[in-house]
Every structure is written in C-alpha cells, then in structure tokens.
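Chains as they are written, first to last, in our numbering: chain A, 451 to 572; chain B, 120 to 548.
Derived by calculation from the structure, the hints in this document are not laboratory data.
Derived Cβ-Cβ restraints for the label pairs, each shown as a range:
#, chain 1, residue 1, chain 2, residue 2, range
1, B, Gln240, A, Met525, 21 to 29 Å
2, B, Arg350, A, Pro534, 37 to 45 Å
3, A, Gly510, B, Met232, 31 to 39 Å
4, A, Met525, B, Leu387, 52 to 60 Å
5, A, Thr551, B, Ala135, 12 to 20 Å
6, B, His386, A, Met525, 48 to 56 Å
7, B, Met232, A, Thr551, 18 to 26 Å
Keep in mind it's a predicted model, so treat the numbers as computed, not measured. Note that the Cβ used here is the ideal one computed from N, Cα and C, for glycine as well.
Now for the letters of each chain:
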Amino acid sequence: MTIEETCFEAVSLHDLESMSTAEQDALPFGVVGFGPDTVVQTYNATEAKMSGLDPSTVLGVPFFDAVAQCMNNFMVAQRFEDEPRLDDIVPYVLTLRMRPTKVRLKLLAAPDMPRRYVLIER
Amino acid sequence: MSGKSSEEQLLEFLYACPVGLIECDLAGDIVMMNPHAMQHLLPLAGPRDAGNLFAALEHHAPELRSMATAYQATMGRVCDGHRIFVDLGPGPRTKAPRVLACTMVKLGADRLMVTLSDISQQVVQEERLRQADTWFATLLDGVNDYAAVAIDVEGVITAANACFTRQTGFDSAVTMGRNLAEVLQCDNTGGDLRLGEQIEIAGRDGWHLQEGWQARANGERYWCQRLVVARSELDTSPFTGFSVILRDVPRREAAAEDVRRLLTCDHLTGAANRRHFSQALEREQAHWRELRHSLSLIVLDLDHFKSVNDTYGHPMGDLLLRRVAEVCATLLPPRGIFARLGGEEFGALLPRYDREQALGLAEQMRQRIAAISIETPDGALTATASLGCATLDEAGGSIDSLIKLADERLYAAKQAGRNQVHRLTADAA
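Just chain B, with the same shape it has in the complex (with noise of 0.2 Å):
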C-alpha cells in the first residue's frame, strides 16, 4: 500500500461505496451521507432541503417521516428494504420504474442510520417471475372460451364479443354504454379486488389479473379468471380505456390442487405455511399501499402447549394443533390466510379488516379454541390460546413492525393471565 492514511483509506472506501449511507437525526436532518445517497437524495429532493432526508423523500415517500416518529422504541429496525416507488407514471413502460429500498434502524433516541439502494432491477425480475407464474396457472386450467370486453376509462362498456353473452348471460347489445362492474356486480366478491382497483393498478402497471367468484346474469356462480389490460392508440400515453377479459376456468385439478398445497401448506396441519404467508403479506401490503385497503393481523399461541405434549404425547399434541387449525381456517373471511408460523404459534391475514372487526374474529377464534374437547385414554384434552391483533395501518405500513406490534401484544395477552385477546384498553389501565 502507498503511504495513504487510514482516515483517506476510510474515505475512499465511503466514496466508492455502491450503496447509500445516512445518518441523521429523528427530524431527518442528515449529519453524514456518502456520495451514492447524494446521487438518489439530490434529484428527488427537487426544490426542497437535500440535507434533510425526510424534506428530500417528501414527495416521493412521505410515510418514512410517519414511521420514525411512530417508531416508540429508542432502539431498534424501523423499516427494512421499504420500497420507495420513484417512478410512478402511468401508461405502457418503456424503461425499468426506477425502485429504491430503504432501511432505517434507530440507534438512540434522536439518532438514526439509512441505506437507500437502488433494487429497479430486481423488481423488474419479479415482475418477469410473477408473469412467468400466470402462464404457469394458465397452462394448468383448462380454458373453455374468453370473453372480451372493452371499456373506456370511466369503466363504461364500448364494445363485447358473442363469448361475453355465452360466458356471463348478459346481451352484449343491451350492455353496451353501460358501466362493466355494475353490470357484473363485480364488487360484491369479497376479499378480491374491486374491477376499479384492478382498473388503478392496470392504469399504472398495464395489466392486472386475478381470480374469484363472478355471477352469471341467472345468478348462477363461476370460477372466473379477470385480466384488465390498459389500452392505448398509436404508443401514446395516456390509455384510452382498458381491455378486459373473462374465462370460465374450472377450479384447480387435483393434481394441480395437489402440487399447491405442497407448496403452500404446512404439512402437519393443512394450515399456510410461513413461505406462503409472508407472500401473501407482501402482497396485501401493496395492496395497503396502493389502495388504501386496510389489512390486520391476528396472531395467536396456544397456553401450556408443552406441558399438553408432556402430559398426553406428542401424538394428541399434533391432533390439537390440527384441530386448532381447523377451526379457526372456517371463521376466515374470503382471501384470508390461516397459517402455522411456528410450534403452536399461528398467524391469521385479514385484507380489508379493520382493527374492531379483527378483534371480534380473534375473539371468536379464542372462545372456538377453548371449546376444542379431544378424548385421550388420560382423559379430555382442552386448550386455550392467547392473541393479540394489529393493523398495518399502525404499523406505519412495515410487515416487520405489524408483526412486531401482533406479538408484543401477545405476549401482552400471556402476561394477562392468558386465554384472551390482548385490547389497547387493556394497556390504559
């Protein structure tokens, strides 16, 4: 090595580092940076303060200022690779979106340490994955026949094939000029997305696709697959309306039934397992961010469980966990997940629930649990579980802090005395 010091060695190394680093105080105001968050920071800041992280990422990611602050703990992970959407527009793509993740970890109580990265790259293959996943599902449906609908941007119907008649019983010909989900009623399906959410998302990724339950004119139910397309003439942007289009898909065969469930159930009790449901998670969470739907979550752990496996074997013990899973998987509201995220430890995704409606579920899965009876040879086994409930929303939109906050409340429920939900009132007293 040359005669270079160490504090220029240091330097050096700060100023080729490929990934940004930030320190700044809980008001955001930035006491160190190197060079590559500069190079993210200074363009998004536009007009505002560049030496302030949270005045730079205003516009582009105002929830990271909410979620320092709602941050109670002096120490601790505030968000881990959030992502911060740079590039928002709509209309057909022609470059990468531009995507950073941002970590923030609080170090004391008006100290704070970011990295931003850019991951456009990375989200782009997951978009290419995700593709890739709805050609796989595609090639395991038999399709019998589309029906193809095109909308303007008000949603209302311009134009239908033959197909859309067979398919959903409506005329074609009366339909027209009429509004597309008032006509299919398609908001009444549950926990899937409404045809206007799909119609947001397609606006800005330029497609949407999903599956759910649609209604025939005759009232008649069918498994429907639903892709909204964003359509536009001659390359410009913005769209002109959208292309929609329906197919009466036979619900997955067994052999396709078979090969999911593999890969998404815990094998012991049937429920979710953790891979699946931290995709789920991710999933709900764009569509917290995206659309403003409120998403809970229940976590519970059964009280005692190990003296249960003590006293009556291991064998009644996996009986209980499946009897466990089984009901409280019947109290789940359409596109709930019931899943096994540890020993006798068991989470429950609520999209579209609010705080009071998750706690009247996990109330019903407290009272359903303790009803659980099973006949041993050393007698009726009984059990009882203890959760605790929280929403994304007070989690400041971080799946890390809604799982933090669920279990800490808990953990809260055990202290109680278990066999109960954790409620806030609770903590006042």
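Pulled out of the complex, with its shape left as it was, chain A reads as follows (with noise of 0.2 Å):
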C-alpha cells in the first residue's frame, strides 16, 4: 500500500508502526503514537498542524495528561487500559486550538506492538 492509498478507515497498526516519520508526517490526518505509559513517541505534521502544537513540546510527555484530557474518560483513555486489542472508529468532539471541533478518532493497539495509536481525521 502506498502513502497516498492510505486511508483512514483502512490503516492498520502495522502500516503505521511501518512507516518512516516523513510517511507518516504526509498522511492527511493526524496521528499520535505513545506507549502503555502513554507517553508521545510519534506526533505527526498533520496532528501538529491542526492542534497548533509543536511535536518536540508533545513527544515525552504523557498524551492524555498534558495535550489530550479531553480523551482522558472513558471513551477513549479507559478503553486503552481496558482493551489489549483495539481497532474502533469512534466519532467524538475535540478542542483543537481552544475550539470544539467534531472529527472522527481511529484508537489502535495490539498486545504484541510497543506502541498504541490514536489518529484523528477533521
């Protein structure tokens, strides 16, 4: 599959862990990835555009504490603790910039992968 093939409903976490960070930086929606600490890895351009953040002021930091408490309930970070194996689209209201914005979330991750993923397409 080919970055411009790549499409939301269809990525899988093996594509993603896969890609280089100028693949991943040139896919059309946004993508963090962080580990069972929930700690940034990846942060990609997409997500940076849209959430007017800096990744080098994302990646280390714990994701659902410092950037994304909107996630942090049970809709989206109790399922990381609760589901080894997550592949779910969810629709869902984000504050991108201080504004509610309606966008669809893709929450990724297996027992056997490093890392988790969530991917938000506008």
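Join these two chains into a complex; the hints should help.
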C-alpha cells in the first residue's frame, strides 16, 4: 500500500509501525503514537498543524494528561487500559486550538505492539 | 526556552490546564473551550450537542440554563461553585460520586465565561467530616436506649424491637403492617425533614440522621435522634427497605451547649454568627435542590444606626442590637435561623417559607423593632429597620444570587424612605 492510498479507515497498526516519520507526516490525518505509559513517541505534522502545537513539546509527555485531556475519560483513555486489542472508529469532539471540533478518532492497539495509536480525522 | 512562539506556549498552557474553561454565548453555544472542559462535557452530553454547554448539561444540570437566562444584570457572577451531581444512583456507593463545580460569569449581554472542575474528592471529605460530626454529637449526648424499626420501601413496619414500645408507647405487635410515619405522626415536626424525605435521602446517600421533637403515644414530647439507613440484601442494589433507629436523647447538656453557642453565635447579640448562617444556607440549599423545599431569606438593616451610637453612645447601641436580635428570634419558625451578618445587619433564614410567608414575617419583625423603646439618660431610644426578602426559587438556586437579591430589595426599602419591607408591587409602580 502506498502513502497516497492509505486511508483513515483502512490503515492498520502494522502499516503505521512500518512507516518512516516523513511518511507519517504526509498522511492527511493526525497520528499520535504512544507507549503503554501514554508517553507520546510520535506526533505527525498533520496533527501538529491541527492542534497548533510543535511536536517537540508533545513528544515525551503523557498524552492524556498534558495534551489530550478531552480524551481522558471512559470513551478513549479508559479503553486503552481495558482493551489490549483495539481497532475502532468513534465520532468525537475535540478542542483543537480551544475550538470544539467534530472529528473521527481511530483507536489502535495490539498486545504484541510497543506503541498504541490515536488517529484524528477532521 | 526553545524557539516556541508565544501562541504555541499559550496553547500548550491551555491544553494542559487541569480546570475546564469555556466561553459561550447566552444560548450556550461554545466559542472556545479547553480539553479539560471537554473531558467532562462529552460523556455528559450523550446524544446531545457537546458544542452547546446547556444542551450538554441538560440532563445533569438543567438549572444552569435558567440561571443564565434569569440573570438580569449585563455583568456579574451567575453562580459560584454550583454543584453538578453527575452520579445520583441509589443504593450503597461503591466509588466516590462524581461532582463537578461550575462557576459562571457573565461578561456582557451575550458572553459567558464558565469553569468546570471535578470536586468529587472534596465532597467525599465533607461527607466524612459530617460523619465525624455525627459521632461527636453522639459522644456529647447520653443515650438511654434505642428503638429499632424495620420498614419496607413503602414505609410499612415489618419489625420492631421491645425498646420501640418502651420508648414510643406504641405496641410493636399492634403497629406491625402500619405505616411508620402515620404511627409516629412525625410529619408534624415543623422545620424537620419528614420521614419520607429522610427515606429519599437515605435511598441516595445510604443514610440520614436528624434530631427533633417526637411525640409518644400518650402525647408527651421527647427529643429524638432519628437515623434512617438503607438496607439491601447481599449487597445487591436497589435496596429492599430501611432500618430506622430512634434514640431518646437528653437535649444537649450545659457544657456542650456552651461550646455550641461559642462556635455558632455572635458574642454580642446571641444571634447566629455568619459561619453558622452560611453552613445552614448550604444545608437548606441542598434540601431545596433535592426535596424541592422552598427557602426564604430576610435581610434587615437598622435605619440610621450610626447616629444612635453617636447620640446615645456605643453601650446603648449594643443594647439596641441585642434587643433587636431578641425580638426577631422569638418570631422565628422551627429551624429558622436569625443571624447577625454585619454591624447592624441581620438575616433570617426560613426553611419551607414561601415569598408571602417571608414577607408576612418581615412585616412582623419591622413592627416589633419599631416598638422597641430603651430608656436612656438622654431620653427614650427607639429604632426602625428596612427589610428585603427573597426566595431561593427566585435566585435560581444560587446562594450568592439569593443574598444579592435580598440585599437589593433591602436597599430599595431604604431608598423608598426606610422603616419598611420592600414589596415587588412597589417595583412595578
């Protein structure tokens, strides 16, 4: 699958793990990858543009506490704790640049993978 | 610092802020909000629009919309720390209830700033303190004996111990199958919560305790602590009935009464102090919210009090304040509280009083104060007062608004010539 063909619905955890940073940056939707401790490991350019945050300030911080408190509830953060294997798309409202914004979130996790992902499509 | 722009720094700050911040218009449509606000709002919104504050909170706090609408001024604090109880489920609690505190400030004709924060832990701590208070009260009181009655969810007696008969004079065999509230006639205890209302609270909180007069079968009154506890079998919710414990307790002994007076009363006048008044306000606000009890407030201020001190001296001024507190306190209904709120300003908190009742009582207070006459070396000292009344309904449930409204009306009574109770009809004229 080439980058151009990668669509929000079809993209898999495996696809994301095999992409380079540049390839992730080229995706038309936001990509946030984080470890089991929720500390952010990847933050792509699309997401940085939507949120207004520089990736350097987001990398290394606990995602649900410092950046995405709006997902820190049973609808998102709790699911990563409860469900080791996760591949689901949910409609959501984020506060990108402090404005309520309707989005779709894709939640991806697998027990054998080091990183989990939240994908954000405006 | 790195080369971050100030906008980036500002966004980072807002993304990380652990308190919910929202700006919306008067209809509730959200212009801006931070992630923490959305963390609370989205789960509460359910299928409703999370982009509108009032729609999102329609289920848990429908009063916010009306409070914002009812707030007349173009600017000011609509509510401060207004509590939104997210979890109200019946039965024993397994976890801390989620409680949000909402503060809403109106900044212009169509602009609201709102904060939301989670105060669940604080509420749990308050509850523990209340329980500690209950134990403290128990230690101070000598307990003679306790009557235990089991009732079902309808309030019908299913069992009672021998002490029930000894304490109340009702034969437990005869009262079996009858409604406890009817047997005890405990719905006639003035400002007390009725048994049915205690049951409602116990159904939600697990228990409720109060003190008040109780009549025995022979008509004699005794001071009674009444504890209602929700009962459920095998930890299954919902509960299957309630246990009611009645204790014949002596009214507080002199020593304890002294401590209580020291903590709750104004040293000069013997009226309740501000702290006690504010605690009572919060308690009665909860009754208003949970049980739909009406609640009224009278504020009164002595007219031209400064000149009393100037003409007759401070000792005479103090005497006058004491006399005012005395005559007003005697007019109070059960559970009513008369407090000194400031120099020559007093407040009367009136549970279960509606507007008309409060206006009637305020007029009686005015007359009794006008009738005071104190002999002094400089002739007779007399006084008048101006009074304003407000109800918690009018104030949309906010204590701040209640006090503000009553104060405004007190001020209007002063403007209209003093020695009077402000009435709304005078407004229209």
